[in-house]
Structure formats: structure tokens, C-alpha cells
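Listed below are the residues making up each chain.
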Amino acid sequence: MQFPGSHILSIQQFERADVERIFAVADAMAPYAQREKVTRVLDGAILGSMFFEPSTRTRVSFGSAFNLLGGEVRETTGFENSAIAKGESLYDTARVLSGYSDVIAMRHPAEGSVAEFAAASRVPVINGGDGSNEHPSQALLDLYTIRSEIATRGRGLEQLRIAMVGDLRYGRTVHSLCKLLRLFQGVQVVLVSPEALRMPGEIVEDLRATGHEVLESDQLEASIAHVDIVYSTRIQEERFSSQEEADLYRGRFRLNQNIYTHHCEPNTVIMHPLPRDSRENARELDDDLNDNPNLAIFRQTDNGMLVRMALFALILDVVDQVDRHARAVSWYTGGRF
Amino acid sequence: MQFPGSHILSIQQFERADVERIFAVADAMAPYAQREKVTRVLDGAILGSMFFEPSTRTRVSFGSAFNLLGGEVRETTGFENSAIAKGESLYDTARVLSGYSDVIAMRHPAEGSVAEFAAASRVPVINGGDGSNEHPSQALLDLYTIRSEIATRGRGLEQLRIAMVGDLRYGRTVHSLCKLLRLFQGVQVVLVSPEALRMPGEIVEDLRATGHEVLESDQLEASIAHVDIVYSTRIQEERFSSQEEADLYRGRFRLNQNIYTHHCEPNTVIMHPLPRDSRENARELDDDLNDNPNLAIFRQTDNGMLVRMALFALILDVVDQVDRHARAVSWYTGGRF
Amino acid sequence: MQFPGSHILSIQQFERADVERIFAVADAMAPYAQREKVTRVLDGAILGSMFFEPSTRTRVSFGSAFNLLGGEVRETTGFENSAIAKGESLYDTARVLSGYSDVIAMRHPAEGSVAEFAAASRVPVINGGDGSNEHPSQALLDLYTIRSEIATRGRGLEQLRIAMVGDLRYGRTVHSLCKLLRLFQGVQVVLVSPEALRMPGEIVEDLRATGHEVLESDQLEASIAHVDIVYSTRIQEERFSSQEEADLYRGRFRLNQNIYTHHCEPNTVIMHPLPRDSRENARELDDDLNDNPNLAIFRQTDNGMLVRMALFALILDVVDQVDRHARAVSWYTGGRF
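Protein chains in written order, with the numbering used here: chain D, 32 to 368; chain V, 32 to 368; chain F, 32 to 368.
The hints are simulated quantities; they were obtained by calculation from the structure and are not laboratory data.
Since no wrong hints were added, every one of them can be taken at face value.
A pair holds if it fits inside one copy or across any two, identical chains being indistinguishable in the list.
Derived lysine to any residue pairs resembling SDA-like cross-links, with alpha carbons at most 25 Å apart:
hint: 1; residue 1: Lys-117; residue 2: Arg-283
hint: 2; residue 1: Lys-117; residue 2: Glu-268
hint: 3; residue 1: Lys-68; residue 2: Val-350
hint: 4; residue 1: Lys-68; residue 2: Arg-355
hint: 5; residue 1: Lys-117; residue 2: Leu-320
hint: 6; residue 1: Lys-210; residue 2: Glu-51
Based on the sequences and whatever the hints tell you, model everything.
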């Protein structure tokens, strides 16, 4: 792909070189996100943040990332706009709203809607989630986090060993992550789920067809014994027909400090797309892991800022100008990270 | 009127010289809206965007226009504020909220509410729609679009020929547009509607009393044969007592490419206040017009940015300073317009 | 307390020197809030405005105060975020959201929630109201207003005479104000309420134990005869079990211009935390006071901007830099204050 002006709709649009380019730019964004420096490279630019379905953290993460580059944000949340209710086509909505900003981050409950919007948009559109379909910046921040975490442990994305745990059937993030992992070599994936919530067969087959090793299991302890990453997920209870059905699976695979100590290799990284379910009957990642330095779940969300800054910088073609607009931070930032 | 510090409440407050001044300033805003240049003339100023009734595109348009001039935007949408529910008067609300910004754009469901608010406000207020009463920036952008479109066709607002089609009874925009047209000379207006949805009599009489020609018809094809502009409108179904009643009129006047080709003069301009109703049984402007270069509906919404920028620049008295704060755009804007 | 990096959770955390420091900084903010000057000292900083319970004026006041210092604002209103509904702990929410901004202003319906959030936050948090518990910036702006108003009348916070009128049982603001007044000497407080809505006993006792004089009464006229300040409050009807019960007390103590003229000392200051209830059967402060120059209720809300600017400047340690980033205002501000 050619970044300047591109839409970011699906992880399928990326080749390995694209991913590596995004990650290199994300690395360069860290001093700004961590408040060592300020840049105003996008001073005067406007992000249209169009969240037709609410998602606070994705919305705020996109907005803050744009602010960190110096730009302004105009937001919409929910279908407050009755235009669609009045029979307006997504084509018209896109033509109108794309006149108000330089780039758009959009979430919408319907699969394929963001791509349809993008086709009519006059400015680049980033998919912030279209139903159960795609959420490419989430997949990128997951892979970026894996890369960052294991790099400090002397490992790389080649020959990565990862266990994915929980609701692998409905979890959009693990599907996308599997697709991204295919771009690398010799990955070993252990899929841990209840029988009813197994990873869709075509994703497993695609991984195997591209030379990766996939194991499936319904036993947590044995499955996390020899991996670099444990990627835990929440039971997507909103996808089940009843609360009772979801409750069959909630709390089935719980990782806590005791299990971690007895079963994982030292420094095994723990990830989760968040939110984690901290209610008594769920707790897929116990609170007693909060002091474990290998718990990377909050570094994941921090990395989301870096990846989103990188996407904006690439799409708007200002990567080489970011540092030129840099200056020192003049306010208190002590003890932040 | 004297612009600096003025409220913008009604199109009735404008004389022809005011309208021409607004349009001249709007023209000067185009390079900024089209991203040829950036200006920071309002850097440090705050717009209070008080949308007590949701309207995504009007809200975002005002906000983006203010951002394009360099200012910040603080927004409220809906009656999230329970202060009014707690018995607060509009006077108090206005006194409080007007302390938080330099200028206010306000929408409210009640007729006359914005004027009442403005009377107590300590900063200038722009009416972004008060019920079925007024929405002056919409009327101005419509007239500005007419002027721009026909200028390239060698025509002017004097002796303008325009057909207004659809729900002329409840459509606020066509009422306002008629009032604005009275400021010019020798306009010919063809009003096309079902009998039950005719333009209110006093508006028709006002036009005639100021020397303009008004024809009324319930036949589309003949009515659009000799005009510069076809201004189509949606059936305002939310104003009818039942869906069944609205359905009597929906889809009654449909313009599509075939009718356009066979009945309109070449380069007749097609306008619509949007949203257009693209559902099967409505389609007052068919999607097959989307590739017709005379379809000006999206240029209309783009012009809304110019007109709103002009209003802000005039009210805050920075017209002469806009260019002094200009600089080049440093990010990718390719293929935008 | 040491300000840079501090959370602002409760007025109990302040000593008198802290309050005086905040007020001195608030004084210095006036030229910026009143648009005599612009400062960009926080250009590049981000405020996370997390209003899990809506409150338009508090939210907009915090946001505008941050804008006036040059910073950006990212907002959330309501529980649009379903993460908490999905079982996320406040700890996780805080860890995630605090990565998106430099400082957070937060409102939440649950008592103690903001402190719990702050304990996990990586950036300073200001409590914008946590249920019936605390709303420290409101208490500070009330006291700041008292100080400003009586200073021009040759009086000071020592030996202050104040009447608090109305719903003293449920009104959070009067509770907090009493706690702040304990930091000063020889204050005389007259508490005017229906028997059922008296000030909680421990607050009265605390005032007396720290050497202040407290009188309680259910008669308005006599109670406001010899005070510097009449602080009126609304009946918090949402706290009563029924509308009927609230109606027993609404309209019980009404101050109007006639009563003011006949009973108050000249230049007695009238305050109210707003919203005031202007419905027929309430009117604790009659509209006929609107032209009384001693009605300070809108100066109160204006002062809220100064106090919030001061809190941001102190927490982010930029007090000494504000003036260095100052420049003239270039837009129309005529007749604003």
C-alpha cells in the first residue's frame, strides 16, 4: 500500500513491510506520547471522529493521538444524527461529513459500513471497528505490543509462541491477530477455549497453510507452559442468546498469580484486549496479577496511542516533519510512566 | 446591521448589503476550507456549541468552521444538562453559559428560544435552528450556493429562475430562502408541491408584493423546464400526524437523470437542503444523479463551512486579519475536492 | 499539600495557605478569562474530561478553563462506555484512561469513586463531583466569590457573617462551604431551613468546635438582617422520596427585591450555587433581583473559571509561565463583562 491518503479499513490490506513501517513510526512517536516532547506538526488539521456506535476508549485514544500531533478533533457519538433515520444513504452521509475534516476515524455497528463510507469519502478514513468485521488499529497495537514486550526478552516475531485463551469464536481481536501473524515465520499458536467457543476453522487452516503450527486445547495450565505470550480474552456475553449460556463459559479459564508462577516460563507476557471482566464469576485475569511486571495490558492501551499516531502521520504524510515541530514540555509530568 | 458583536438570529435582520458582505467574506474563506492555506486568526478563542437539540451536521459544520479559523470548540448536545429540568430559566442558562466562550452557536427545539437566550447572553449568539422558526446560516449557504453555481453559468441573482419542489409547507429552508430572495430583483419562483403542502400564503404574497413572479404547480416536469435552479426538498414526515399521511406525499416528485435530461435546460443546477430520503418509496433526488456535475448538493454543505467561517470572522471582527495569520498546509490533502 | 502532580479530591485536603495560594493564582487568571489577554502556556497539553454523570456547566467550565490556558480537551459524557457494564473495575478504567491525557477532571455518581479512580490514575485527577460526597472546585469558587465580593465592601473572610438558606440537609455546596469556612477566624453562620432540612449536626458542631458562631432559624427576614452574604439554595427535589414531599419545602424561603430592601443591610451580597429554580412555586431568588448589582450568582460561575484555571496551573506547575506565554486578544470582545 501507499500510505499518504490511504484508507485503513482492514488488516488484510497490509503486507509485512507496511506493518514494519507502521511500527517504526510508532516507535518514533513514543517521546511525544510519553511527554518528553511536544509536536505541533498537525496544527490546523481536523480529525472527524464519527462513532456511530459508542466506544469511549477507542474514541478517546484516536482523539488524544491526534491532539498529540497538534490537530483538532470534532466528534460525533451515537446516532444522534437523525439523518440516517430520515432515509439518508451512507453515501450521502460520507460525502457531507468528509467535507468537515482532513481525516476520519469511524466506528459503526454494521459490518462493511466503514468501507462503504470510505468509498464515498473525500478524505482518508480509518476503521475504528465495523461490527464483528474489522478493527485494524486494535490488531496493530496488539502485534506492536507483542513485538515490544518480547524484544526486551531477546525474542522476535519470528518463531513467536503465543497462547490465545477464552472466547476465540466471537473475539474479533484474536481473529485479526491471527491474520496479522501469518505475515511472519514459524509462529506457534496454542488456542485454548471451550469446545463451543473454538477459533473459526478457516482462520486455523489459514495459519497452517502459511506454515504455522496451531494446537487446540481446552486445558489452560498445560497450554501456557511454553509460550512467550498469553493473550487472554473476555467471554463476549453480548453475543450469546442468553445470559445463562454466557455463564456456562465465564470464569472457565482463569489466570492468576499462583497459576502463572507454577506453570509459565519466567517473564511470560500477559495480554488482554480489555475490558477484562473483574466480576466474581469471570476474572479471566485475576487482580492479583496487577503487580506482576509482565502484565502488559495497560502498556497495550498506551501502545494504541503510538500506533494511532503513526497511522495519522503516515496517512497525512507528516512522518518526516514530526520532529521538526518538536519542543520541550513545559508542564509537570512527573512520575507518569 | 453592524457585524462585530452582533447576534445572528434571523435572516430578517439582513439587508442586501449585509448578505453581499457575508458572501464576499465567504469567498475569501475558500482557500482555508479547501486546505490551500491554514490560518490561526482565532487561536485562543472559544466557540460554545450549545445544541440542545441534536443535529450532527450543523453542529460539526459550525465546529469545523471555527477550528479552521484557529479557535477551540466546547460542545453540549441534547438536554444532558438537567438544569433546565430543575426549573432554571433560559435567562440564567444564557448568563452562565455565555461566560464560558467568546461566541455561541445554538440550536434549540423551541421557536424563539435562541433569541431569548441571546438577549441574556454576554457574547454573540448564532441561531443554528430554533424549531420551525429560523436557521439563518442554512438560508445563507443556500443563497451563496445559488450565486456561486449560476455565476459559472453566466447568470446572477437578479432575474434568477428557481423551482422549489416538494414539501413547501413544512420545509423551513424554502421559507427562509424565499425571504432572502426578496432582497434581489425580478426573481421568478416556481413552487411545485402537492396541494396540501403548498408554500404558506403570506410568503407567496410577500414575494409578489416585492415585485417577484411566483407560479404554483403540482406538475414536476413542466415546472423545471426553464429554471436555473431546481431546489428539491424531503417530505418532513416528522411533522405529519401519521406515517400514513406522510406516505401520501413521499415519492410524489422524483427527479432522476432521465427526467433531467428530457426536461431541464442544460446545466440546470440541482440543490437540496439534505438529508435527501434515499429509501425506495421516497427518492426525491435519485441516486443516478450522483454523477451529474450539476448536482450541487454536496457543494451546498461545503459552502456551509465558508458561510459559517464568514459569520464568525465578521462577528468577531477578524476579517482583515485572517490572511495575516496564514501559512501553508504541511500535510497530505491530495485529491480532496 | 504540594500542588504539582496532586489530585484534588476533597476540600479536607486544603489548609488555609493552600486556599490562599489558589485564590492568589485565580486572581492572576482574571485578565485571561476576561479576554484582556490570551495565554498558550498549556499548548499541547490534554485534559481528559470524564463525566460519567452529566453536568453541562461543570464540564464546560473545566473544559473552557483548560482551553483558556491553551490546552486541548477530550471528553466523555455518561456511561456511553459499556466497559464498566462489561465488568471492568474502576482500577482498570483509570489505568487505561489516564494514559490518554495530562490531567483528568472527573464526575461520577458514586461517592468515593473519584478517589478510587485517582488511586489508580497515572495523572492528576480533579474531583468534579462524586455523588453527594465532594465537589471541591465548587466550594472553592464559592469562597473565592465571597472573598472577592466583600473585599470591595471593605470586609474580609475573618469575622465573615453569612446566612445559608434553604435545603441545608441535602445541599452539597453548603456542607463544603462550612468546612472551608472553618479555616478562617470568627465566622458567624446563620442557618435558615425548614426543620426537616437542617444542616447535619456534625457540620454545625465542627464549626462551633473551631470557634465559630452558628445560629439556626426557620425565619428568613430576621436571619438575613445583619450578614455580609445571603447564600440561597434550591430544594434538592431529586433527593426526596416523592414530588409531594419536595413540594412541602419548595418556595418556603423566597428572597425578592422587596424583602431585600426592607431587611438586608445595604450591599448585602446574594449568592446561589445554581441552578436556581425559577418555576412559580419555587423562586428561592426572585427574577426581580436580576438588576440588583449585589446579585453575585453569575459572578460565581465566572469565578469558577478562574478557580479551575488556577487548579490546572498549580497542578501542572505552570503558574510562573502563564504570563510569559501571553499575547493580546485580536478579536472583538466589546461589552462582554
